[in-house]
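There are 2 protein chains.
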Amino acid sequence: MAVLPPGRIHHVALVVRSIEASAVLWRDYLGLRLETIMDIESDHVRIAFLGVGESKVELVEPTDDTTGVARFLATKGEGFHHLCIEVGNLSEELTRLGIEGLELIDSAPRRGAEGPVAFIHPRSCGGVLVELIEAPGGPSWRSLGYPPG
Amino acid sequence: MAVLPPGRIHHVALVVRSIEASAVLWRDYLGLRLETIMDIESDHVRIAFLGVGESKVELVEPTDDTTGVARFLATKGEGFHHLCIEVGNLSEELTRLGIEGLELIDSAPRRGAEGPVAFIHPRSCGGVLVELIEAPGGPSWRSLGYPPG
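Listed in order, the protein sequences are those of chains A and B. For the first sequence, position 57 (counting from the first letter as 1) is numbered 57 according to my numbering, and the numbering increases by one without interruption. Throughout, my numbering is defined as the position within the second sequence, counted from one, plus 149.
These aren't lab readings, by the way, just hints derived from the structure by calculation. Don't take every hint at face value.
What the hints assert, rightly or not - Chain B stretches covered by chain A per the calculated footprint, using a threshold of three residues with CB under 8 Å from any CB of chain A:
#1 173-186
#2 191-203
#3 210-221
Backbone N, C-alpha and C define an ideal beta-carbon position, used for all residues, glycine too.
Start from the sequences and build out the full structure, keeping to the hints where you can.
Below is the structure:
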């Protein structure tokens, strides 16, 4: 059993050719709140977060052709990339999921744009790439050096 | 612009080979609340809804090989199927999105398991099949014959 029920869908991530072009759909036509656009230089992507209720839609645009996301776009085209769920204690969840035999891409929390994150392989999640993010104030925030809230 | 900002991600739908097998991941390992399992005989599928915050994960299992969902499973395997967003007035949204030139699979609200729904073609949504559902109490609930709340 899970340590605690997960809190919410944190975001649904979509790979897009162009954040500007995609914002016409998600912001202008569907009415989501555009919250941030930022370059993640280390990942060679630009991302946008658009709010909807307690969740977000993340648009991920590759900025060159060197990354997995760029290959995803080149081979599969635009579309769904991953589902991110918020949990209370990411380290404990990863330990438990590892014991259950799930294939963890990240066996320990690492720094993400919005908090400590880890990915689980789609082979263990019915073909879906699942990201877990620790809720603000969780223990990994301090250990990964995020500024105190 | 949207008539009103959308309310929330209503659900993320995943095609699965077996709801029983998939529930081990989503309910037992990730801790989502299993809310309902039901047969939708007209659609030749069985579905499960698992709650997470204000949203749900929907598992869709084909019950025979005659449907689009069954062909999806046979050709692409298990994985993400569609993203459903809640709106206040579905008829007005569809009219507006049609005028904007989006390719609507359903040009008017139709009865869904959880309320009035309509699908937008992935060709208009960056490769993502998008479903819109009207929030409880909206005008299409009465016109489609749902029992009064």
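To see whether the hints hold, each was checked on the structure:
1. 173-186: That given contact holds, which follows from 7 residues of the stretch 173-186 of chain B lying within Cβ reach (below 8 Å) of chain A.
2. 191-203: Coverage by chain A holds for the stretch 191-203 of chain B (3 residues, Cβ < 8 Å).
3. 210-221: violated (count 0)
Checked against the numbered hints above, the structure breaks only hint 3 and satisfies the rest.
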